[in-house]
Each structure stands twice: as C-alpha cells, then as structure tokens.
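Listed below, chain by chain, are the residues.
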Amino acid sequence: MGDEEKQKAGFFQAIKEFIYGVAAHDSARFALKSRASMEHLFILITMGDMLGVPILPPYYSLRLLPYVVPQISTWKRRMLREKDLTDALA
Amino acid sequence: MNAIFVLVLGFIVAFIGYRFYAKHIDQKVIKSDPKRVTPAKMYMDGVEFMPTSKNILFGYQFKSIAGAAPIIGPIIAIQWGWLPALVWILGGALFIGWVQDYSSAVIAMRNEGASFGGLSHKLISPRARVILLSFIYFYLLLIAGAFGNVVVSTAIALKAAPMAWLLLTIGGVLAGQMIYRWKKDIILTTIVTVVISLIGIWLGTVLPSDKILGTDLSNSRVVWTLAAFVFCYFAAVLPIWRFALPINYVASYIVFLGLFFGIVGVFIIHPNFTLPAYTSFSIKIGPIWPIMFVTIACGAISGWHSIVSSSGTARQLENEIDARPVGAGVMFVEMMLALFALIIAGTIYASPAEYGAAIVKGPGGIFAGGVAKFLGALGLPANLGRSYGSVMMVVLAITIMQLVIRFMRVATSELLSDISPVFRNAHVGTFIACILGMALVLTGWWQYLWVLFGGANQLMASLALLLMTAWLMSEGKPAAWTFWPMIFMFITTIAALLFTSYSLLQKVLSGAVKGQDLIGNTLMGLVGFFLVIAALVLGWEGFKAFNRFRTIKSQAAAAAKA
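Chains as they are written, first to last, in the working numbering: chain A, 287 to 376; chain B, 2 to 563.
Bear in mind the hints are in silico, worked out from the structure with no lab data behind them. Beta carbons are placed, not taken as given, at the ideal position from N, Cα and C, and that holds for glycine. Heads up, some of the hints might be wrong.
To be verified - A few chain A residues facing chain B, derived, Cβ under 8 Å:
1. D289
2. E290
3. A300
4. Y306
5. A310
6. K319
7. Y353
8. R363
9. L371
Please construct the entire structure, taking both the sequences and the accompanying hints into account.
Rendered as structure tokens:
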C-alpha cells in the first residue's frame with residue numbers, strides 16, 4: 287500500500303472511529319459494566335473453590351472455575367479500586 | 002456582518018488556541034509524555050479503565066458534552082446584541098473553556114483516574130468532598146429544570162415535535178430490543194430505527210399535537226412536563242440498555258445529520274446578521290456582566306465538561322498526548338456549535354421585534370426555524386425542516402435530562418440512605434428527583450431558570466479550575482493559566498447567582514408574586530443562595546489548600562538552600 291493510500295485509509299478509519307465514538311461507544315461501555323456486574327456474581331459463586339474453601343457443592347463450581355480464571359486479574363482491579371459517587375456521572 | 006466571517010473567525014481562534022496555546026501548555030507545563038503509562042493501561046479493568054483510540058474518545062467526548070446548552074445560551078444572549086455574545090464565546094473558549102476541559106482530563110489522568118469527589122478529598126479536604134457532592138446534586142436539579150423547560154416550551158411552540166419525539170422513542174426502544182434481545186445486525190438496526198424516527202418527523206407535520214389532543218391539551222405545560230419526566234423516570238429505573246442508551250443511539254444520528262447539513266446550509270446561504278450588534282448594558286434578565294457570562298455556558302466554558310473529562314474520558318486515554326485533541330480539541334468544536342446557534346438567532350429574523358416575539362415562546366422555536374432555513378438551502382421543505390429542528394432540540398435537552406435524573410437517583414441513595422433505608426429504593430430516588438424537577442419547570446420563569454443553571458454550571462467550572470490549580474501547586478508547576486480563569490469565573494458566577502437569587506427573593510418578600518410564581522421564585526432563589534454558600538465554603542477550603550501547598554513549596558526551597 288502506497289503512502290497516499292495509507293493516508294486515505296487512515297482518514298476513513300478516523301471518521302469511522304469518530305462516528306462509533308459519537309453513536310455507540312457509550313452503549314459499549316454500559317454493556318461492559320453490565321457484564322462486569324454479572325462477572326462479580328459469578329466469581330463470588332466460585333470464590334470458595336478458588337480459596338480452597340467449599341461453599342457451594344464443589345462439583346458445579348469447579349466446573350465453572352475455568353471460565354472464571356481469565357477474568358480474575360481485571361476483576362481484582364475493579365473490586366479493589368476506591369470508588370466515589372462522582373464516578374457514576376460518566 | 003456575514004455569517005461566513007463569524008465561522009472563519011471561529012476557525013482561526015480554534016486553530017490558534019489548539020495549535021499554539023494548548024500545545025504550549027501540553028508540552029511545556031504538563032509535559033505530557035507518550036511513554037508514561039496512563040490509568041487506562043495501568044488499571045485496565047476491562048470496563049471503566051480501558052485504553053481507547055483518540056478518535057473514538059473524540060466522538061465520545063463530543064457526544065457527552067454537546068447538549069442543548071451551546072445552542073440555547075447564544076439564542077438567549079443575543080438579546081444584549083450579537084457582538085458581546087461572539088466575543089465571549091471566542092474569548093471564553095480560548096482562555097478558559099479548553100483550559101478547564103483539558104486540565105480536568107489531565108488531573109484525573111495523573112491521579113490514577115480519580116474522579117472529582119476523590120480529588121477534592123485528597124487535594125483540598127474531606128469536607129470539600131461532601132460539599133461538592135451536595136453542590137453537584139442541586140446543580141443537576143437546575144439542569145433538569147432548565148432543560149425540562151426547553152422540552153416543554155418546544156413541545157408547545159412546535160406542534161410537530163411531540164409526534165417526532167414519540168416515534169424517536171419507539172425507534173430507540175426497538176433498537177435496544179433488536180441489538181440486545183434479537184441479536185440483529187447493527188447496520189440493519191440503525192437503518193430501521195433511524196428511518197422510523199425520520200417517519201416520525203414527517204408524521205409530526207401531518208398529525209400535529211393539536212390535531213390529536215386538541216388545543217387545550219397540546220398547549221398545556223402540565224401535560225408536556227409530565228411527559229418529559231415520565232420519559233426520564235423510565236430512563237432512570239429501566240435497565241440502561243432497554244431505554245436510555247438505544248434512544249440516545251438513534252437520536253445521535255438525527256442530531257448530527259441535522260447539524261452537519263445545517264452548517265453546510267450556512268455556507269450555501271451565507272446570510273448577514275440582521276439583529277443589532279449591541280443593544281444595551283442591561284436587559285430584562287439582568288446586566289451584561291455578570292449575567293451574559295453565565296447565560297452562554299457551554300460553547301464558552303461549562304462545568305459539565307469537567308465532569309465528563311474527569312470521570313469518563315480520563316480513564317480511557319491510552320496515551321498522555323491524546324489529552325490535548327480530546328480535551329481541548331472537542332471544546333473548540335463545541336465553540337463552533339455555539340457560533341452556529343448564534344448565526345441562527347442573529348440571521349433568521351428580519352427585525353429585533355420579530356426575534357422578540359419568538360423568544361417569548363422559548364428558544365426551541367428559534368432553533369427549529371433556523372434549522373428549517375438552512376436545511377431548506379439543501380431542498381428540504383420548511384415544515385419538515387421545522388419538525389426536524391424541533392426534535393433535535395427536544396433530543397439535545399432530554400438526553401442530558403435523563404442522565405441527570407439517573408445520577409440524582411444514585412446520589413439520593415448515597416447521601417440519604419443512612420437516614421432511612423427507603424432512600425436506597427431506585428423508585429424513591431427517581432421520584433424525588435422528578436418531583437423537584439417538575440416543580441421547577443412548572444413554577445419557574447424559564448429565562449431566570451436558565452441563568453441559574455448557567456451560574457451553577459460556570460461555578461462548577463470554577464471549582465474544577467480550583468482543583469486543577471491546587472494540583473498544579475502541589476506539583477510545583479506554573480498555575481497562572483488555571484488560577485486567573487478560576488478567579489474570573491468564581492467572581493462572575495457568584496455575582497450572577499447572587500443577583501438572580503436576590504431578584505427572585507425580593508419579589509417574594511415584597512409580595513410582587515403570587516400563586517405558582519411565588520413557589521417558583523422561592524425555590525429558585527433558595528437553590529441559588531445554597532449554591533453560593535456551598536461555593537464560598539469550597540472556595541475557602543481551596544484557599545487554605547493553596548496556602549498549604551505554598552508553605553510546603555517555600556519550606557522545600559529553604560531546605561534545598563540549606
């Protein structure tokens with residue numbers, strides 16, 4: 287791809303991203319927030335097994351564990367972060 | 002003067018502000034470093050902290066800050082003449098507006114993505130946080146009241162608006178259902194729902210509200226106030242994907258298509274200003290200083306932007322150098338939007354008397370008339386253009402209103418749940434917010450309400466600049482570029498709020514108003530005084546913090562010498 291074509295593609299990409307930002311980025315953020323809330327519940331269910339303390343019948347929660355493990359690092363950040371009321375404004 | 006000249010002047014100011022002033026501050030004072038890790042990367046949690054492209058953030062920031070205010074402010078302020086309004090829009094954006102938007106993003110970015118509550122707690126004092134939260138609650142109430150008034154006056158003045166608004170709501174709810182429940186393709190969903198909204202705009206001209214409801218109901222403020230707040234009630238209590246978000250999604254296409262083609266229309270028609278450049282120092286709502294400086298809020302400077310920049314955008318910046326295009330760049334785009342509104346108000350009427358007759362009915366009619374004229378240059382019939390403009394006005398106001406009521410619900414739960422657990426209930430918090438907002442809309446005179454909202458909004462801006470100045474001082478960086486704008490905004494807005502509250506309460510105490518005006522004046526006057534007191538306490542706390550940082554700096558300098 288020549289320089290001019292690259293520039294053209296970059297320009298259209300920027301326009302595409304701007305329209306996405308105006309129209310849909312907020313929706314995507316709220317969808318992620320909803321998913322995060324569900325994840326919190328999900329991780330709570332399997333917490334016992336992660337810590338080695340069975341809280342629910344372990345068979346079922348052990349089966350859920352592989353789905354939870356990839357989310358643990360971001361989940362920890364969300365849970366441990368200090369939150370404020372003004373966070374809810376945007 | 003020709004409208005094109007105003008737009009060109011706007012481009013020049015934007016270029017100078019962005020390319021030179023903002024660049025200088027970004028490189029020499031803030032010293033933004035592309036290698037420094039931003040909170041979006043450091044604390045990436047996949048939800049709020051998420052590295053995002055600057056183009057997406059540019060669109061997100063613009064969509065979040067461009068409500069009805071940059072349009073309504075200039076339409077009202079042209080009563081002092083278009084020249085003072087033009088000077089304030091250009092000067093405000095150049096010296097104060099971008100400074101606040103950009104610095105709010107920077108302060109949050111350099112403080113681990115903390116929002117204003119956390120920052121005021123850390124930089125000023127714990128008491129400052131509580132006062133700031135109460136201030137924000139009443140500030141949001143004034144937004145709900147002022148924007149509610151815009152929706153109601155537009156629905157009454159333009160009978161096509163209610164039908165267009167209804168179909169836009171139906172289109173939005175359908176969009177939510179198609180995307181999240183039926184898992185339909187986003188392009189198909191967008192086309193279907195935007196077409197439904199456009200049909201609504203046409204249907205509004207065929208079936209205006211007075212044909213369906215009759216003259217009395219279609220002119221009733223109570224009916225449209227109820228409609229607006231029931232809409233906000235649903236937006237606040239329903240899952241956000243079901244109502245608020247998809248309606249905003251569909252609305253964004255309607256609004257931005259209208260704005261884009263409207264500006265193209267200005268270039269085609271390039272009209273001359275027909276209203277006077279300057280009328281008089283004092284008009285019915287007050288003197289040019291301080292009242293005009295709060296009447297035009299967004300477009301010159303707005304506290305709302307600082308909230309968006311700090312709580313939303315700062316947590317998504319993937320690179321420090323993106324703060325300038327996103328924070329400062331978008332502010333200059335909004336300045337252009339305010340200039341567009343000024344051109345509409347200044348050029349579509351043949352004489353000041355015609356404008357005077359139109360402004361009495363509210364700013365929605367003027368905006369819709371302007372949109373009709375400029376879209377008319379592209380071949381759209383005038384009645385369709387007016388219907389299009391009316392729904393744009395309703396949408397610009399109500400998208401912010403629903404956000405505000407939703408936040409007031411959360412704030413009620415947070416601030417009052419210790420008193421009684423009943424305040425944790427989502428319906429209770431929403432109900433309280435709606436009732437307070439409705440009381441303001443139904444009893445307050447809209448121009449005073451707008452000035453109070455503008456005052457609170459600008460005061461929020463000066464508090465944001467106060468936080469920024471405190472942070473710059475704590476870091477030992479030059480702070481004059483935020484300190485002097487803060488002083489100007491603080492004095493101006495306190496003066497505006499005191500003037501307006503005094504005028505309102507004087508009428509109450511002298512017995513000049515009765516009935517619903519008595520309630521409206523009392524409520525607005527008291528809210529205004531509360532905001533002044535809260536701001537003064539915050540200002541005092543900020544002043545103590547400045548002294549603290551100055552002492553630390555002088556001690557450090559003395560220690561270095563020793």
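Checked hints:
1. At a threshold of 8 Å, the smallest CB-CB gap from D289(A) to chain B is about 20 Å, leaving the interface hint violated.
2. With its C-beta approaching chain B no nearer than about 20 Å, E290(A) sits outside the 8 Å limit, and its interface hint is violated.
3. Given the 8 Å rule on beta carbons, the hint for A300(A) holds: about 5 Å separates it from the nearest Cβ of chain B.
4. The beta carbon of Y306(A) comes within 6 Å of a beta carbon in chain B, closer than 8 Å, and the hint placing it at the interface holds.
5. Look at A310(A): its Cβ gets to within about 6 Å of chain B, closer than 8 Å, so that hint holds up.
6. Given the 8 Å rule on beta carbons, the hint for K319(A) holds: about 5 Å separates it from the nearest Cβ of chain B.
7. Because the smallest distance between the Cβ of Y353(A) and any Cβ of chain B comes to about 15 Å, over 8 Å, the interface hint for this residue is violated.
8. With a least beta-carbon distance of about 4 Å to chain B, the hint placing R363(A) at the interface is held under the 8 Å criterion.
9. Because the closest C-beta pair between L371(A) and chain B is about 5 Å apart, less than 8 Å, the hint holds.
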